[in-house]
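Colleague: Chains Y and S, in that order, are what the protein sequence lines are.
So the first sequence is numbered by the UniProt record's numbering: it starts at 1 and just counts up by one.
So the second sequence is numbered by the UniProt record's numbering: it starts at 1 and just counts up by one.
Keep in mind that the hints were calculated from the coordinates and are not lab data.
Model, not experiment: these values are computed from the prediction.
Every residue, glycine too, gets a C-beta built ideally from N, C-alpha and C.
Heads up, a few of these hints could be off.
Under 8 Å between C-beta atoms, here's a sample of chain Y residues computed to sit facing chain S [as the list claims (entries may be wrong)]:
1) D13
2) A100
3) E290
4) F294
5) H295
6) P320
7) F324
8) F417
Across the chosen pairs, the derived CB separations fall in these ranges [as the list claims (entries may be wrong)]:
9) S:D60 to Y:R114: 44 to 54 Å
10) S:R35 to Y:T161: 21 to 31 Å
11) S:H295 to Y:P125: 39 to 49 Å
12) Y:D406 to S:A193: 37 to 47 Å
Read off the chains here:
2 protein chains.
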Amino acid sequence: MPTVAELSRERVDHRFKSLPPDAEGRTLGELAAERRDLFEGGFLTPVLTLLAPALEHNLDQLEHYAHDHRLAFAPHGKTSMAPQLFDRQLARGAWGITAATPWQARVYRAYGVRRIFLANQVVDPAALRWICAELTSDPEFRLVCYVDSVRGVELMDAALTATLDVVVELGVPGGRTGVRDEAAADVVADAVAASRWLRLVGVAGYEGEVPEKTEDAVTAWLDRLVALTRRFDAAGRFAEADEIVLSAGGSAWFDAVAKAFEPVDGLSKPVLRLLRSGAYVTHDDGHYSEITPFHDRVPAEGSLRPALRLWTQVVSRPEPDRAFLNAGKRDAPYDLGMPVPQVIRGADGSLRPADGLRVTKLADQHAFVELTPETPLEVGEWVGLGLSHPCTSFDKWQLIPVVEQDGTVTDFVRTFF
Amino acid sequence: MPTVAELSRERVDHRFKSLPPDAEGRTLGELAAERRDLFEGGFLTPVLTLLAPALEHNLDQLEHYAHDHRLAFAPHGKTSMAPQLFDRQLARGAWGITAATPWQARVYRAYGVRRIFLANQVVDPAALRWICAELTSDPEFRLVCYVDSVRGVELMDAALTATLDVVVELGVPGGRTGVRDEAAADVVADAVAASRWLRLVGVAGYEGEVPEKTEDAVTAWLDRLVALTRRFDAAGRFAEADEIVLSAGGSAWFDAVAKAFEPVDGLSKPVLRLLRSGAYVTHDDGHYSEITPFHDRVPAEGSLRPALRLWTQVVSRPEPDRAFLNAGKRDAPYDLGMPVPQVIRGADGSLRPADGLRVTKLADQHAFVELTPETPLEVGEWVGLGLSHPCTSFDKWQLIPVVEQDGTVTDFVRTFF
Numbered sequence: 001m002p003t004v005a006e007l008s009r010e011r012v013d014h015r016f017k018s019l020p021p022d023a024e025g026r027t028l029g030e031l032a033a034e035r036r037d038l039f040e041g042g043f044l045t046p047v048l049t050l051l052a053p054a055l056e057h058n059l060d061q062l063e064h065y066a067h068d069h070r071l072a073f074a075p076h077g078k079t080s081m082a083p084q085l086f087d088r089q090l091a092r093g094a095w096g097i098t099a100a101t102p103w104q105a106r107v108y109r110a111y112g113v114r115r116i117f118l119a120n121q122v123v124d125p126a127a128l129r130w131i132c133a134e135l136t137s138d139p140e141f142r143l144v145c146y147v148d149s150v151r152g153v154e155l156m157d158a159a160l161t162a163t164l165d166v167v168v169e170l171g172v173p174g175g176r177t178g179v180r181d182e183a184a185a186d187v188v189a190d191a192v193a194a195s196r197w198l199r200l201v202g203v204a205g206y207e208g209e210v211p212e213k214t215e216d217a218v219t220a221w222l223d224r225l226v227a228l229t230r231r232f233d234a235a236g237r238f239a240e241a242d243e244i245v246l247s248a249g250g251s252a253w254f255d256a257v258a259k260a261f262e263p264v265d266g267l268s269k270p271v272l273r274l275l276r277s278g279a280y281v282t283h284d285d286g287h288y289s290e291i292t293p294f295h296d297r298v299p300a301e302g303s304l305r306p307a308l309r310l311w312t313q314v315v316s317r318p319e320p321d322r323a324f325l326n327a328g329k330r331d332a333p334y335d336l337g338m339p340v341p342q343v344i345r346g347a348d349g350s351l352r353p354a355d356g357l358r359v360t361k362l363a364d365q366h367a368f369v370e371l372t373p374e375t376p377l378e379v380g381e382w383v384g385l386g387l388s389h390p391c392t393s394f395d396k397w398q399l400i401p402v403v404e405q406d407g408t409v410t411d412f413v414r415t416f417f
Numbered sequence: 001m002p003t004v005a006e007l008s009r010e011r012v013d014h015r016f017k018s019l020p021p022d023a024e025g026r027t028l029g030e031l032a033a034e035r036r037d038l039f040e041g042g043f044l045t046p047v048l049t050l051l052a053p054a055l056e057h058n059l060d061q062l063e064h065y066a067h068d069h070r071l072a073f074a075p076h077g078k079t080s081m082a083p084q085l086f087d088r089q090l091a092r093g094a095w096g097i098t099a100a101t102p103w104q105a106r107v108y109r110a111y112g113v114r115r116i117f118l119a120n121q122v123v124d125p126a127a128l129r130w131i132c133a134e135l136t137s138d139p140e141f142r143l144v145c146y147v148d149s150v151r152g153v154e155l156m157d158a159a160l161t162a163t164l165d166v167v168v169e170l171g172v173p174g175g176r177t178g179v180r181d182e183a184a185a186d187v188v189a190d191a192v193a194a195s196r197w198l199r200l201v202g203v204a205g206y207e208g209e210v211p212e213k214t215e216d217a218v219t220a221w222l223d224r225l226v227a228l229t230r231r232f233d234a235a236g237r238f239a240e241a242d243e244i245v246l247s248a249g250g251s252a253w254f255d256a257v258a259k260a261f262e263p264v265d266g267l268s269k270p271v272l273r274l275l276r277s278g279a280y281v282t283h284d285d286g287h288y289s290e291i292t293p294f295h296d297r298v299p300a301e302g303s304l305r306p307a308l309r310l311w312t313q314v315v316s317r318p319e320p321d322r323a324f325l326n327a328g329k330r331d332a333p334y335d336l337g338m339p340v341p342q343v344i345r346g347a348d349g350s351l352r353p354a355d356g357l358r359v360t361k362l363a364d365q366h367a368f369v370e371l372t373p374e375t376p377l378e379v380g381e382w383v384g385l386g387l388s389h390p391c392t393s394f395d396k397w398q399l400i401p402v403v404e405q406d407g408t409v410t411d412f413v414r415t416f417f
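Kindly produce the complete structure, drawing on both the sequences and the hints.
Modeller: Written out as structure tokens, the structure is:
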């Protein structure tokens, strides 16, 4: 089994699109030890970078937020798919890592993650066989996944050969997966009780799918989730569980989750109140910067900083009001808004704000930039872009240099997509 | 230097998200030799597949189209970034492979591609140093790239240490990169002539950026490209070239390119009429199925078949008119339309058309499907999706099983993004 430390022994080569060609053959660890400058060290553009201080800050913020609110934390690993970041989250007390799919759980297991919250129903026999093999071979491994239908329970039970902990997923009409109401939850819980291999250990859901995105609507749904947990417990449905799992929480409403979960006590078993926010780790300069609870609802409880920046180069300015950067859909997210030019690095190494530049469109390998004719921007200059949506930023990069405030590259984060 | 053959010696592990967990540790070649069934062989969903007969058909079609129209062919490799597919394209007589960026060219070189048409201005000193090192170390290596500005020429000349062949890129006002008119082309060509290291060998551009997407407008622009080539030649601008490169051609207008380029003869040097279409290799079930010239303008000259299919699994059907597949933005393209459900595979292995299913939205790891309440679709069933846009399909997968008509997996194609 590989370890996170072994990732630094991977070699610089053509798999990693922005690494310096003159470093080919070195290990990533050796290259990191050279402490090259991002701009002068031979890195190719475009290059996605992780800003070390912002990353550290964000890891710190959610660690403390979860701790202060008595929440266990299983940050969603789908965001980064980076075992090195999982390691840092676990070192800061995270209970485990959340996954959306079995292939993600496989990556986590390859790097020794001991507790996985798989926030989906898993009905694939091949995946279930793999889960059973992992559970059987490592007594310390714990995996909890969703159930939301009788058919799902049947398919799972037919494929399993070991006990699997499950939580009933509560959804919302018009939303994503999960049972639509309490009656359906009972039917699924009955099916779990009647199964050979499934053990009901809790209730979970995702408040981000509540159609009306107001604090009242989200809180009302979270209260339903808590009430379902209490009712299941009162009905003895968690009799076989060692602890009761209650989980919710993306990046937009973790304050509401904390508030709703905090009073949950006095159940028949200890309660694991599990928060799953994932995007916080890098935050962003777009969608997530606006929806974080730290922005307007609970600014006194913490803050997040954008930790991703995509550095690109101007390859053409064929018209006074139009320039082209060498990054496109392969390099930058575009599902929750266009990248935002933040800073320009001139040929002499000086930095200036990218005022007046606007990315209007991405082609596969180009960003279309509109600017006023009098704005200075020369072919060859580097432009740093802020991004919107951490998940679709990470998934375009197999390897991301970690950069200090002064531009020194001190580490590399490997992702697996 | 790795070879394409060595790719089959890579090991099955967590890097490749859909491969059977029970094959872990085998080489890809060994797994291919097992000829597993895609559905029963332990592959995890979602899994993007390449349909072997369609791929073969498409390779065949453009090989013959280019040959019949006396076009040299440098298929755009950005589409697949798959050295195994480049090998097949080269074996069918392709002149070389087109790249959009230096990192793509690095991948090509790692797998021994001898001729690269880099369809962009390259002004990054690190990239230019790498290009010079490649040119110097391998006398058979040829690379041609764009110039579209005096500043670009200056930056290139300052960083180069070997002769680099360039073509002036002709653009179009309101379009992407490239000089906007003939006067600007002259100025750039003058700069090339005055440089130490650049050698002007031709003219190129991309007709897909002509704002008015009609045959007349595209043809008018192609005629300008040809006229510029003739004028440059008449002015003795290609005196140092061994042959004159004239290049255009994406996937939507290769018929117009063939028509415009065919009569180009009688220049001072042999002419390399270079077509660059890339998406044809897999074609698609969306955008490209509509814009290919074979669709309506020249159906008698060939045809293309969609060669990509994304197999997903139904993980939830929480409401009668709403189901969820386990594939999302990490797995399927969404920039030129949503994936299209084509076929459902039932628990008994039978296939039926996915009539009445519609993907309305993708989350990171889920597809939202609307369907009529009476449409049978059960949790656990597999749904095959047609995709729109080959480029943003390939770039979500590091490894793609190649599947025969009967569902047997006989090979794996590795991509590098």
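Colleague: Each hint needs a verdict: does it hold in this structure or not?
Modeller: We went through each hint and held it up to the structure:
no., hint, in the structure
1, D13, "7 Å, holds"
2, A100, "4 Å, holds"
3, E290, "18 Å, violated"
4, F294, "22 Å, violated"
5, H295, "21 Å, violated"
6, P320, "10 Å, violated"
7, F324, "5 Å, holds"
8, F417, "6 Å, holds"
9, S:D60 to Y:R114: 44 to 54 Å, "51 Å, holds"
10, S:R35 to Y:T161: 21 to 31 Å, "26 Å, holds"
11, S:H295 to Y:P125: 39 to 49 Å, "40 Å, holds"
12, Y:D406 to S:A193: 37 to 47 Å, "42 Å, holds"
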